[in-house]
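Given the sequences, and given the hints that come with them, work out the whole structure.
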Amino acid sequence: MTLVIAGGVLIQIPEIPILEQTARNIFFHVPMWMAMFAMFTVSLVYSIRYLNSPDQLFDIKAESAARVGMVFGVCGLLTGSLWARFTWGTWWTFAEPKMNLAALAMMIYVAYFVLRSAFDDEEKRAKISAVYNIFAVTTIPFLLYVVPRQLTSLHPGADGNPAFSEITAAELRYILYPAMVGFIAVAFWIYDIVHRYKTVQSRIENS
Numbered sequence: 001m002t003l004v005i006a007g008g009v010l011i012q013i014p015e016i017p018i019l020e021q022t023a024r025n026i027f028f029h030v031p032m033w034m035a036m037f038a039m040f041t042v043s044l045v046y047s048i049r050y051l052n053s054p055d056q057l058f059d060i061k062a063e064s065a066a067r068v069g070m071v072f073g074v075c076g077l078l079t080g081s082l083w084a085r086f087t088w089g090t091w092w093t094f095a096e097p098k099m100n101l102a103a104l105a106m107m108i109y110v111a112y113f114v115l116r117s118a119f120d121d122e123e124k125r126a127k128i129s130a131v132y133n134i135f136a137v138t139t140i141p142f143l144l145y146v147v148p149r150q151l152t153s154l155h156p157g158a159d160g161n162p163a164f165s166e167i168t169a170a171e172l173r174y175i176l177y178p179a180m181v182g183f184i185a186v187a188f189w190i191y192d193i194v195h196r197y198k199t200v201q202s203r204i205e206n207s
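Numbering (our numbering), first residue to last: 1 to 207.
Take every hint as true, because none was put in to throw you off.
Listed next, the in silico SDA-like pairs over lysine to any residue satisfying Cα-Cα at most 20 Å (straight line):
1) Lys124 / Val110
2) Lys198 / Arg67
3) Lys124 / Phe113
4) Lys127 / Thr41
5) Lys124 / Val45
6) Lys198 / Ser117
7) Lys198 / Val114
8) Lys124 / Glu205
9) Lys198 / Leu57
10) Lys127 / Ser117
11) Lys198 / Val71
12) Lys198 / Phe188
13) Lys124 / Gln56
14) Lys198 / Arg116
15) Lys124 / Arg49
16) Lys124 / Thr199
17) Lys198 / Asp121
18) Lys198 / Phe113
Treat the hints as calculated values from the structure; they're not laboratory data.
Below you can see the structure in the form of C-alpha cells.
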C-alpha cells in the first residue's frame, strides 16, 4: 500500500482532458469502491449462512463486514465529491445520478445499522437484519452500475461519457490494479480485527 500511495502521488501521468492531475484520484477512489463491494459480498455470504444455520458468529461476521464496507463506501463518496469539485466545479450536484444513487446506497446501509439497534434480542436482531442485508446488498449493483449507465451523466462510463477503461493509459493501470488489490487486502485486514473484537466482546457479555 505504501508503494501504491507513493506511486500514485509521484509517477508522471499522461494529460487527460478535464481531469488533468486530478486523474491521480483514480488510485484511491475506484479501489475504495472495490473494497466496499468485497466487504458487502462477505456480509451477504454470512447473512445467508446465518439464515441457513443460525450461529451468532455468522451474524457478527456479517455485521462487521457491512460496517467496514460502509466505511470504504463513505470514503468513496468523499473522494468522489472531492473529484467533482475540481472537475465539475461543485462538491455535489443533484443532476449527477451516480453520486445521488451512491449516497442512497449508503443510506440503505445506515438503515441496516439503525434496524440492528432497534432489537435487544440477539436472535431476532440477527435474523431480521440478515434478511434486510440480503436485500441491501442486491440493490448495490443496480444503484451503482446498472441504473447510472442508462442515464445521462458526467461520470465516466455513463451514456455519452467514455469509461476509464477506454481512456486510462497503461501508466495509470500499473498503479490502479495493485491499488485495488491493496485496498481490498486492507479491508479484509480491518474486517478481521473488527469481527475478532466483536466476537470477544459478545462472549464476555454472554458469560
